[in-house]
Each structure stands twice: as structure tokens, then as C-alpha cells.
Amino acid sequence: AQSVTQPDIHITVSEGASLELRCNYSYGATPYLFWYVQSPGQGLQLLLKYFSGDTLVQGIKGFEAEFKRSQSSFNLRKPSVHWSDAAEYFCAAEGGYNTDKLIFGTGTRLQVFP
Amino acid sequence: NAGVTQTPKFQVLKTGQSMTLQCAQDMNHNSMYWYRQDPGMGLRLIYYSASEGTTDKGEVPNGYNVSRLNKREFSLRLESAAPSQTSVYFCASSARQGIPYEQYFGPGTRLTVT
Chain S
4 AQSVTQPDIH
14 ITVSEGASLE
24 LRCNYSYGAT
34 PYLFWYVQSP
44 GQGLQLLLKY
54 FSGDTLVQGI
64 KGFEAEFKRS
74 QSSFNLRKPS
84 VHWSDAAEYF
94 CAAEGGYNTD
104 KLIFGTGTRL
114 QVFP
Chain B
947 NAGVTQTPKF
957 QVLKTGQSMT
967 LQCAQDMNHN
977 SMYWYRQDPG
987 MGLRLIYYSA
997 SEGTTDKGEV
1007 PNGYNVSRLN
1017 KREFSLRLES
1027 AAPSQTSVYF
1037 CASSARQGIP
1047 YEQYFGPGTR
1057 LTVT
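Quick mapping for you: the protein sequence lines, in order, are chains S and B.
Just so you know, our numbering puts the end of the first sequence at 117, numbered straight through with nothing missing.
Just so you know, our numbering puts the end of the second sequence at 1060, numbered straight through with nothing missing.
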């Protein structure tokens, strides 16, 4: 079955430290991949997406993600975390043309200490 | 543009009561979606509509009905609410037209069933 796994439920980092959030997918073929962020009490906002081409994708708010086919991974990174980055992060995958459905991971909650 | 709007923001129901969650988008998107978000479960698709006049079941459709009233509006109805339907409900839309897309999310409706 198609699935998206985020192995880290909760991550705590200090402000200014680097960040990597993990995401693995299980699909028959390479899916389209997304990272969304949800601030407390808010809806989801798209950070970045990967469809094809360059495997390092740049997004908003200084985030980037790297697609690694060999590891079925799409990890999210940021070189220096800000206190405002504290939120929940969701990785999602869509299986290709006309599937019309996103499958979400269970999310990683990021806490940032000053 | 308001994007995706949802009403109400909060609702408390007693078991057995019915209600309709409203969603509207002003981006001229073809596809619309209803998700529920539960702790540790990520977002799960309830129903979606690929175009005006069509609806399809998602991962967790039981206990819900939907109506795609027109291109802008997509409502979710709980005919007889149960405590298991306590959740945060998100509506989303996308411009899906045979190419990879992103989904835009509303702010959510927090529903409690007692």
C-alpha cells in the first residue's frame, strides 16, 4: 500500500541550529512530493514540492528538501532555525497523473528553544 | 483573494445531531477536498470532488456526505454525529488539470461531539 512515513514525532532544536526532518515514502513509482507546515491553530501552507528534475528543491522561509530515489526519501532541511519555525511539518505524496489524492505522513512537531 | 474559507470555525454537537460544514474557494479551482486531522494520524481524506458535479470517497468516508454545490462550494455533512467524529476538519482546493498541483487549505473547523 502507498504510504508516507515521518519517523520523528517530535524534534527540539535550539534557535540558530540546523534542522533536518525525515520523510520516507512507499510507492510503486516515484510520486510527487510535498512538504507542508502548520502553525498552531492554522491551516496548512505549502513549503516546497518536487515533481521531477533537480533533486534539491528550494522552498519558502529558507527551507530546502532533497529527493533521494535510492533511499525513497525526501528530507526537509534548514541551515539555521528561527523561533518562528516552531510548528508541525507534514510530508505528503501524490501518486501521479489523475490519482487526485494526497497521502500525508503523521507529522513532526518542531519545538525551538531560544 | 480570500483563498479557501470555512465556516464555522468551532462547533460543539451532541451525539446524534446533524450539521453541515461549509467550504468555498475563490481561485477558480476544479478540485476540492475534505480532510480530518486527528492527533498522531496526520490528515486523512474524507471525500473529494475532481470537478463540479462529481464526488468520490476518500480514505475515511463513513458517517459523512458531501455536496459540490457549484465550482466554488463544497460542503461536508454529518447526518448523525458521533464522538468518533470529534476532529479538526480541513477543506482544500487545487487547480488540478492533468498536471502536478498543490493544494490550498482553509483554516479549519474544530468540531467536538459530546
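Hint data in this document are derived by calculation from the structure and do not stem from the laboratory.
Hints may be right or wrong, so weigh each one.
[Said to hold, decoys possible] With a straight-line cut-off of 35 Å between C-alpha atoms, the simulated DSBU-like cross-links for lysine-lysine are:
hint, chain 1, residue 1, chain 2, residue 2
1, S, LYS52, S, LYS104
2, B, LYS955, S, LYS71
3, B, LYS955, S, LYS104
Now for the hints, and whether the structure bears them out:
| no. | hint | verdict |
| --- | --- | --- |
| 1 | LYS52(S) x LYS104(S) | 15 Å, holds |
| 2 | LYS955(B) x LYS71(S) | 39 Å, violated |
| 3 | LYS955(B) x LYS104(S) | 25 Å, holds |
Hint 2 from the earlier list is the only one contradicted by this structure; the remaining hints agree with it.
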